[in-house]
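Undergrad: Please put together the full structure from these sequences, using the hints given.
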Amino acid sequence: MTDTFDARLNDLLEEFDLFDDWEDRYRYIIDLGKTLAPLSEAERNEVTRVRGCASQVWLMMDEAGGGILRFRGDSDAHIVKGLIAILVRLLDGLPRADVRDFSIRDTLTRLGLDEALSSQRTNGLISMVERLKQAAA
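Under full-length UniProt numbering, think of the first position of the sequence shown as 1, with each following residue one higher.
To be clear, the hints were calculated from the coordinates, so they are not data collected in a lab.
It is possible that some hints are incorrect.
[Said to hold, decoys possible] In silico EDC-like pairs for lysine to aspartate or glutamate, Cα to Cα no more than 20 Å straight-line:
#1 Lys-133 - Asp-62
#2 Lys-133 - Glu-63
#3 Lys-34 - Glu-15
#4 Lys-133 - Asp-92
#5 Lys-133 - Glu-46
#6 Lys-34 - Asp-11
#7 Lys-133 - Asp-101
#8 Lys-133 - Asp-6
#9 Lys-133 - Asp-106
#10 Lys-34 - Asp-76
#11 Lys-34 - Asp-92
#12 Lys-34 - Glu-23
[To be verified] Simulated restraints on C-beta separations:
#13 Glu-43 - Thr-4: 26 to 36 Å
#14 Ser-119 - Gly-67: 29 to 39 Å
#15 Thr-109 - Thr-35: 37 to 47 Å
#16 Arg-27 - Ala-97: 28 to 38 Å
#17 Glu-23 - Val-47: 32 to 42 Å
#18 Met-60 - Asp-21: 28 to 38 Å
#19 Asp-21 - Gly-66: 35 to 45 Å
#20 Glu-41 - Ala-97: 25 to 35 Å
#21 Asp-62 - Asp-6: 21 to 31 Å
#22 Asp-21 - Val-47: 11 to 21 Å
#23 Asp-21 - His-78: 28 to 38 Å
#24 Asp-20 - Asn-45: 19 to 29 Å
#25 Ala-37 - Asp-11: 29 to 39 Å
Because the structure is a prediction, the values reported are computed rather than measured.
The beta carbon of each residue, even a glycine, is placed where N, CA and C say it ideally should be.
TA: Here it is, written out as structure tokens:
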């Protein structure tokens, strides 16, 4: 996996550029979600559940040592699971400071998702990022 956030984002931007329209990009996002390992039933609980999401979302976060934050996630909605996969690709294994400094709004704009996602999905994604930032604090 690429080491810096900027390199990871550039890789994702290149992948998104392969698709001509948003329907194809949505399918790609859903496919990304299918690559996530599901959380166990025990991991899907009120402590790991992210509030502020219309669908069910769970995030597991761990300190990996050296200030590195590791996380996994799951959702009952395909597109949301894909958005979690994007967050994992961008942020998993980065130093806490990088997670704290992460701007979801800037990233959505760079990926073109700011106009493609409903306000409800955007708010849910913001809630997920806020949970990660709290863990990184």
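Undergrad: For every hint, state whether the structure bears it out.
TA: Checked hints:
1. Restraint check for Lys-133 and Asp-62: the C-alpha separation of about 13 Å stays at or below 20 Å, so the hint holds.
2. Under the criterion of a C-alpha separation no larger than 20 Å, the hint pairing Lys-133 with Glu-63 is consistent with the structure, at around 13 Å.
3. At most 20 Å may separate the alpha-carbon atoms for a hinted pair to count; Lys-34 and Glu-15 meet this at roughly 16 Å.
4. Restraint check: the Cα-Cα separation between Lys-133 and Asp-92 comes to about 12 Å, which is no more than 20 Å; the hinted pair holds.
5. The straight-line distance between the Cα atoms of Lys-133 and Glu-46 is roughly 18 Å, inside the 20 Å bound, and the hint therefore holds.
6. At roughly 19 Å between alpha-carbon atoms, Lys-34 and Asp-11 fall within 20 Å of each other, so this suggested pair holds.
7. Restraint check: the Cα-Cα separation between Lys-133 and Asp-101 comes to about 8 Å, which is no more than 20 Å; the hinted pair holds.
8. Our distance criterion of 20 Å between C-alpha atoms is met by Lys-133 and Asp-6, whose separation comes to about 18 Å.
9. Proximity of Lys-133 to Asp-106 is assessed by CA-CA distance (about 15 Å); at most 20 Å being required, the pair is judged to hold.
10. Between Lys-34 and Asp-76, the direct Cα distance comes to roughly 12 Å. Compliance with the 20 Å bound is thereby established for this hinted pair.
11. With a C-alpha separation of about 17 Å, the suggested pair Lys-34 and Asp-92 falls inside the 20 Å cut-off, and the hint holds.
12. Restraint check for Lys-34 and Glu-23: satisfied, since their Cα atoms lie roughly 17 Å apart, inside the 20 Å limit.
13. Evaluation of the 26 to 36 Å hint for Glu-43 and Thr-4 yields a pass: the beta carbon distance comes to about 29 Å.
14. At roughly 34 Å, the beta-carbon separation of Ser-119 and Gly-67 lies within the given 29 to 39 Å, and the hint holds.
15. Taking 37 to 47 Å as the suggested C-beta distance range, the pair Thr-109 and Thr-35 does not conform, at roughly 25 Å.
16. For the pair Arg-27 and Ala-97, the beta carbons lie near 34 Å from each other, so the given range of 28 to 38 Å is met.
17. Roughly 36 Å separates the CB atoms of Glu-23 and Val-47, a value that falls within the hinted 32 to 42 Å.
18. Between Met-60 and Asp-21 the beta carbon distance is about 34 Å. The supplied range of 28 to 38 Å therefore holds.
19. Judged by the Cβ atoms, the range 35 to 45 Å given for Asp-21 and Gly-66 holds: they are separated by roughly 42 Å.
20. For Glu-41 and Ala-97, the hinted distance range of 25 to 35 Å is satisfied, since their beta carbons lie about 34 Å from each other.
21. At about 24 Å, the CB distance of Asp-62 to Asp-6 agrees with the hint of 21 to 31 Å.
22. Distance hint check for Asp-21 and Val-47: the Cβ-Cβ separation is about 39 Å, which falls outside the suggested range of 11 to 21 Å.
23. A C-beta distance of roughly 18 Å is found between Asp-21 and His-78, which places it outside the suggested range of 28 to 38 Å.
24. One distance hint, 19 to 29 Å for the beta-carbon pair Asp-20 and Asn-45, is violated here, with the actual separation near 41 Å.
25. Range check, Ala-37 to Asp-11: Cβ separation about 21 Å, and the 29 to 39 Å hint is violated.
Checked against the numbered hints above, the structure violates hints 15, 22, 23, 24, 25; every other hint is satisfied.
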